[in-house]
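What follows is each chain in one-letter form.
2 protein chains.
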Amino acid sequence: MEKDLVIGIDIGGQTTKCGIVDARGTVLSQTVIRSDSTEDVEEYISSLAETLYRLMADADAVERIRGIGVGVPNGNYYTGEVEDAVNLSWGRSGSIPFATMLEAHMNGIPVSLTNDANAAAMGEMTYGAARGMKNFIMITLGTGVGSGIVINGEVVYGHDGFAGELGHTCAVRHNGRPCNCGKSGCLETYASATGVARTAREWLEMTEEPSTLRSLDKITSKDVFEAAKEGDKLAIKIFEYTGRILGESFADFIEFSAPEAIVLFGGLARAKEFLVEPIQKAMDENVLPLWRGKVKLVFSQLKESDAAILGASALAWEL
Amino acid sequence: MEKDLVIGIDIGGQTTKCGIVDARGTVLSQTVIRSDSTEDVEEYISSLAETLYRLMADADAVERIRGIGVGVPNGNYYTGEVEDAVNLSWGRSGSIPFATMLEAHMNGIPVSLTNDANAAAMGEMTYGAARGMKNFIMITLGTGVGSGIVINGEVVYGHDGFAGELGHTCAVRHNGRPCNCGKSGCLETYASATGVARTAREWLEMTEEPSTLRSLDKITSKDVFEAAKEGDKLAIKIFEYTGRILGESFADFIEFSAPEAIVLFGGLARAKEFLVEPIQKAMDENVLPLWRGKVKLVFSQLKESDAAILGASALAWEL
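Chains A and B supply the protein sequences, listed in that same order.
Here the first sequence is numbered in our numbering, starting from 1 and rising by one per residue.
Here the second sequence is numbered in our numbering, starting from 1001 and rising by one per residue.
Simulated from the structure, these hints should not be mistaken for laboratory data.
Check each hint, because a few of them may be wrong.
[Said to hold, decoys possible] The list that follows gives simulated cross-link-like pairs (lysine-lysine, PhoX-like), each with its CA atoms no further than 20 Å apart:
| id | chain 1 | residue 1 | chain 2 | residue 2 |
| --- | --- | --- | --- | --- |
| 1 | A | Lys218 | A | Lys229 |
| 2 | A | Lys296 | A | Lys134 |
| 3 | A | Lys183 | B | Lys1222 |
| 4 | B | Lys1222 | A | Lys281 |
| 5 | B | Lys1281 | B | Lys1294 |
| 6 | B | Lys1233 | B | Lys1222 |
| 7 | B | Lys1218 | B | Lys1233 |
| 8 | B | Lys1222 | B | Lys1183 |
| 9 | A | Lys303 | A | Lys272 |
| 10 | A | Lys294 | B | Lys1183 |
| 11 | A | Lys237 | A | Lys281 |
| 12 | A | Lys183 | B | Lys1281 |
[What the hints assert, rightly or not] Per the computed footprint, the stretches of chain A lying under chain B, defined by three or more beta-carbons under 8 Å from a beta-carbon of chain B, are:
| id | stretch |
| --- | --- |
| 13 | 154-162 |
| 14 | 166-177 |
| 15 | 180-187 |
| 16 | 253-262 |
From the three backbone atoms N, C-alpha and C, an ideal C-beta is built for every residue, glycine too.
Required output: the full structure, derived from the provided sequences and hints.
In structure tokens form, the structure reads like this:
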């Protein structure tokens, strides 16, 4: 039977999303399991494999799977290993030969893996906003800031497989916010969902400016977005600040690889209406004249519920 | 006759160096002409072609040239054009179809061109310190700061052919020094030969610190280097500062492309003994833990008088 389908698996700290995908990017069927129910990677992979077999059987696809693509934090494309993934209950320390282990459970169906942001870039290039582009930078604005860099039509993995950590480039050199990575001033401490909430808390404390956000107990980036939509001036300013920080960083990224576009994806990218202008302005003010107004700023076109699976699945077509 | 030789041409603002190079990286013969004797590009190219024919005749190499590689400011690898090269008397505005024009004068010998820093990266990969490396970043520390980025064994040209302007990434975000490019705070305003001289002038004015540099009328980076070698403390501190700025920037570059090494070349790289430690320290302090102590910092191994020609010539082997 023709191998005309692939499986995409997106592993996050809490949940694992799996789906069967065809060449046009349709998710034929999908399901979710918990990622954090065990600290034993063998146990996790067994239950994952069981889930995949059930998914394939239900979709009548057992013989049609060409490969499995996995997007996983700290996934190394070169080695197929997951290395020191602090956010995964079963992956906290050392190297796990994840791809090899999953292949063994899947009757030899080949498995390829990379980190989630690189998978997102593959998805966008294969099915989304970056179709036809050979040079672009994917920025995922979620709890953190991830990135996938595509040059000459290929994801950049670098010498060791871990290239593209743009969320940890320096946005604020002195007295920057401490980051989970141990450094300070990293882009993701400002321009992630967490960063936006942090900016809100800081500004509420430091200024007297009236804002509907003052009535909230615990502020999330979603609250800031809702407030901005209601016209709350402080909330709008928070996005302007976030956008400026992003735009300044994007200018440096452009000077590195001269991409055709920067593609934004993730929860925070939903605040597009408040982010586009400040990003574009800061990008143009900080980039060399030759790129001013030339590099596109585009937002992901993938359905958010499918995007993670599609991104991971895109890896499998290369197998 | 076998085409076993190439020509390398390095075009700078004042001089143009040309040489005939064999596959082992030996410069068989070379010569220099002025770059700025005319504002007419036709005239410049005619005299360049004449020089090349003389060079080939003298080396008995007329039939043996496989191709010509040119390193030139604002040279676009994709189009073979030189675009808005403000430092070239005949190239100040608009696009010059340089490769096509030179080919026409050279009886159809193919011509490939790129900017000088990309050419340096090619040279280092073909004949120098980066032999065998597939992922590295070349940084040229001259009057300005140039860069050539190699990923998967190929120079990164980006969407438009101009990728790799790392000298214009932001080193100092607020109140940074104005740069010739129109922006401020660019890496090259601090970490170039000009930048080092500027730091010296600023520090001499702002502090009372004793220094042999105070007796000089006009300070160059070479003066600072000489003073540092004599043990002048201020001069040594100037290199420490320069090294820190470089190391901080290198940390961000590593987070982009995860190179095996950063290769330094150019006049300022001669101050290696004063730069290595501060660069390495700042690089390690500012990079993600996973790369700490892992990315090599190496200095060009090419003879300085040959390097520019070798770099440009390396392009021609690809033709």
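Here's how the hints hold up against the structure:
1. Distance check on the hinted pair: Lys218(A) and Lys229(A) sit about 19 Å apart at the alpha-carbon level, within 20 Å; holds.
2. Between Lys296(A) and Lys134(A) the alpha-carbon distance is near 13 Å, which keeps this suggested pair within the 20 Å criterion.
3. Pair hint Lys183(A) plus Lys1222(B) does not hold up; C-alpha atoms about 35 Å apart against a cutoff of 20 Å.
4. Distance restraint check for Lys1222(B) and Lys281(A): the Cα-Cα separation of roughly 40 Å exceeds the 20 Å cut-off, and the hinted pair is therefore not satisfied.
5. With a C-alpha separation of about 12 Å, the suggested pairing of Lys1281(B) with Lys1294(B) holds against the 20 Å cut-off.
6. Only pairs whose Cα atoms come within 20 Å are accepted, and Lys1233(B) paired with Lys1222(B) is accepted, the gap being roughly 15 Å.
7. Our distance criterion of 20 Å between C-alpha atoms is met by Lys1218(B) and Lys1233(B), whose separation comes to about 19 Å.
8. Our distance criterion of 20 Å between C-alpha atoms is broken by Lys1222(B) and Lys1183(B), whose separation comes to about 26 Å.
9. At most 20 Å may separate the alpha-carbon atoms for a hinted pair to count; Lys303(A) and Lys272(A) meet this at roughly 15 Å.
10. The straight-line distance between the Cα atoms of Lys294(A) and Lys1183(B) is roughly 17 Å, inside the 20 Å bound, and the hint therefore holds.
11. At most 20 Å may separate the alpha-carbon atoms for a hinted pair to count; Lys237(A) and Lys281(A) meet this at roughly 14 Å.
12. For the suggested pair Lys183(A) and Lys1281(B), the alpha carbons sit about 14 Å apart, so the restraint of at most 20 Å is met.
13. For the stretch 154-162 of chain A, the proposed coverage by chain B is satisfied: 8 residues have a C-beta within less than 8 Å of a C-beta in that chain, meeting the threshold of three.
14. Residue count for the stretch 166-177 of chain A with a Cβ under 8 Å from a Cβ of chain B: 6. That meets the three needed, and the coverage hint holds.
15. Interface restraint, the stretch 180-187 of chain A with chain B: holds (3 residues with C-beta to C-beta distance below 8 Å; minimum three).
16. Counting residues of the stretch 253-262 of chain A whose C-beta sits closer than 8 Å to any C-beta of chain B gives 7, which meets the bar of three, so the coverage hint holds.
Violated hints, listed in ascending order, are 3, 4, 8; each of the other numbered hints is respected by the structure.
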